[in-house]
Amino acid sequence: MLCLRSARLWSSRLLWRACPGDPPLLLPLPGAQAAVPAAGKKDQVEFPALDEEQLEEQFVRGSGPGGQATNKTSNCVVLKHIPTGIVVKCHQTRSVDINRKRARDIMREKLDIFHKGELSEVVVKKKESVVKKQEKRRKVNENLERKRQFKEALAQDLKPGEKSL
Amino acid sequence: MLTMWTMWRGCCTQLLWTRANGKSPLSCHAVRRCSAPALPAASITALQAVDLWRRCFEQRGVTEPRMSSHYIIAHLLGAKTIQSLEQEKLIEFLSREQMEQVWELCTKRLSRVPVQYVIEEWDFRDITLKMKPPVFIPRPETEELVELVLTDLQTTPGVAVIADTQRTFIEVGCGSGAISLSLLKSLPQLKAVALDQSVEAVDLTWENALRLGVQDRIKLHNMDIMKDGEALLSICDPAVALVSNPPYLFSDDMSTLEPEIFRYEDHAALDGGVDGLKVIKQILMIAPQILLNHGRVYLEVEPRHPPLIRQWVEVNVEELRYIETRHDITGRSVSKHSLCVFKCHMQELHMVLDLQ
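Chain order of the listed sequences is A and B. Position 151 of the first sequence, counted from 1, bears residue number 150 in numbering that gives the first Met the number 0, the numbering being contiguous throughout. Position 110 of the second sequence, counted from 1, bears residue number 109 in numbering that gives the first Met the number 0, the numbering being contiguous throughout.
Read the hints as simulated data drawn from the structure, not as lab findings. Incorrect hints may appear among the rest.
[As the list claims (entries may be wrong)] The list that follows gives simulated cross-link-like pairs (lysine to aspartate or glutamate, EDC-like), each with its CA atoms no further than 20 Å apart:
no.	chain 1	residue 1	chain 2	residue 2
1	A	LYS71	B	GLU119
2	A	LYS71	B	GLU120
3	A	LYS71	B	GLU257
4	B	LYS342	B	GLU119
[To be verified] If you want the ones that stay clear, here's a sample from chain A, every Cβ over 10 Å from chain B, calculated:
no.	residue
5	ARG93
6	LEU110
7	LEU143
[Claimed, not checked] To give an idea of the chain A side of the interface with chain B (calculated C-beta under 10 Å), a few residues:
no.	residue
8	GLN67
9	THR72
10	SER73
11	SER94
12	VAL95
13	ASP96
14	ILE97
15	ARG99
16	SER119
17	GLN148
C-beta: ideal position from N, C-alpha, C; glycine also.
Please work from the sequences and hints to get the whole structure.
Take a look at the structure:
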């Protein structure tokens, strides 16, 4: 569970920029992230486990002493999957520990999409949800149509002089 | 009524400005506190406020200008992070009351009050704790310490078999209660005895325990391990673990601390003496007397400490056996802190207890 002790350092460019590329608060998230909207949340789907040896993790806190000698509130976790080059950045919460866990959850989903493509659970679920929505819409429209026809029939029945009891 | 720390803080501010600016305290510039920008007459949106204050913090040399602005304003809008707020809320105009609150809190940050003290709360793992100066603010690295203890409590052969309801751990220097309360929350049967030499810390830990609903499983004591270490034996039963993030900074390093820490956090929670080992050594000396056989000591220490501590324990505390040292997760060549684990191995003592 605890992070690897890999001594490999990233390029200083990546290391020292505190959470670069934070999207402007009002713009939509980049496409890749949009594919995993429920990032870190519990899902019925089980993704394959991560191999920590293949991960590089950076907890972006800047330079200088740490531990008691520092009080920094930025707790962005940057996780890189070395074989694929996929990078996940997470600063969803105020806890580094939770951000690390969520970063891994997101990474697992991304890797699943990467490896399985169309067959990935994430993609399959999305398609299922789209189909469900279409089905629901179809039923709603059907109901509306039925009601409309019923009302029409009712209106015709009530026209004076047309029918006798 | 001015509390001691408020007065002390006032003095420190003067002193610090001198150090930082190289100007004498008599200079107006050095003594004057940072004044806030004027409250706008017209209302602005949350997003505009975030931007305004970020720029203000940047101009005044306040560290983490963007994060500070984000956390404070998100908090006032009822969220923990700015990202979790709905976009509609960010572009709504703030009420006059909200504007005043933003200004009040952000002005505090101008004086380098840590964000956690400004919003009076912070998260540690999956719990939210109330924060109150000068009680030490939990550091994110300490979350790793808790993970380590949790794993061991659930898997270590000698320890895991002890009936859940009997297991107690001791924390030395509980501060806001981060370590103890986090462990109690994760393991519903666990019990804790926590101490701190600061009465504010003990009070805050109790308040947080109540908030988290774990008050029935924690006993708190306001005591100084340096003076009353022996008394610990009489107030609690032998424990499965002793956990601590003790003051471990070198006294000489205290003056180089950033204003957020130097001015507002309890120095006694940071200063570990000339070699930073004063409190650590005391904890290790006492540990064998309050630990069950196979019980463990978990310490967060300064990166330079582990080999020194290991050597010292070998010579001075034969009942303790060194287990491991873990360095922090950043993987850099210079660690920011280390975790030391020692195991209590007291065959002789165990036999004595058996005879009783």
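Right, here's what the structure says about each hint:
1. At roughly 16 Å between alpha-carbon atoms, LYS71/A and GLU119/B fall within 20 Å of each other, so this suggested pair holds.
2. Simply put, LYS71/A and GLU120/B have alpha-carbon atoms about 14 Å apart, close enough for the 20 Å limit, and the pair holds.
3. Among the hinted pairs, LYS71/A with GLU257/B is consistent with the structure: their alpha-carbon atoms are about 10 Å apart, no more than 20 Å.
4. For the given pair, LYS342/B sits about 37 Å from GLU119/B by alpha-carbon distance, which is inconsistent with the 20 Å threshold.
5. Annotated as non-interface, ARG93/A brings its C-beta within 10 Å of a C-beta of chain B; the closest such distance is 4 Å.
6. Here LEU110/A stays apart from chain B, with its beta-carbon at least about 21 Å from theirs, past the 10 Å limit.
7. Consistency note on LEU143/A: stated as away from chain B, and its beta-carbon is indeed over 10 Å from all of that chain's, at 30 Å minimum.
8. With its C-beta approaching chain B no nearer than about 5 Å, GLN67/A sits inside the 10 Å limit, and its interface hint holds.
9. Given hint, THR72/A at the interface with chain B, holds; its Cβ is 5 Å from that chain's nearest Cβ, closer than 10 Å.
10. Checking SER73/A against chain B by beta carbon gives a least distance of about 5 Å; that is within 10 Å, so the hint holds.
11. Satisfaction of the interface hint for SER94/A is found here, the shortest Cβ-Cβ separation to chain B being roughly 5 Å, below the 10 Å cut-off.
12. Interface hint at VAL95/A: satisfied, since its Cβ lies 4 Å from the closest Cβ of chain B, which is below the 10 Å cut-off.
13. Annotation: interface hint on ASP96/A holds; nearest CB of chain B at approximately 4 Å, less than 10 Å.
14. A cut of 10 Å between beta carbons decides the hint on ILE97/A: the least distance to chain B is about 6 Å, and the hint holds.
15. Checking ARG99/A against chain B: minimum C-beta separation of about 8 Å stays under 10 Å; hint holds.
16. Taking 10 Å as the C-beta cut-off, the interface hint given for SER119/A is violated, the closest approach to chain B being about 25 Å.
17. The interface hint given for GLN148/A is violated, since its Cβ lies 40 Å from the closest Cβ of chain B, which is over the 10 Å cut-off.
Checked against the numbered hints above, the structure breaks hints 4, 5, 16 and 17 and satisfies the rest.
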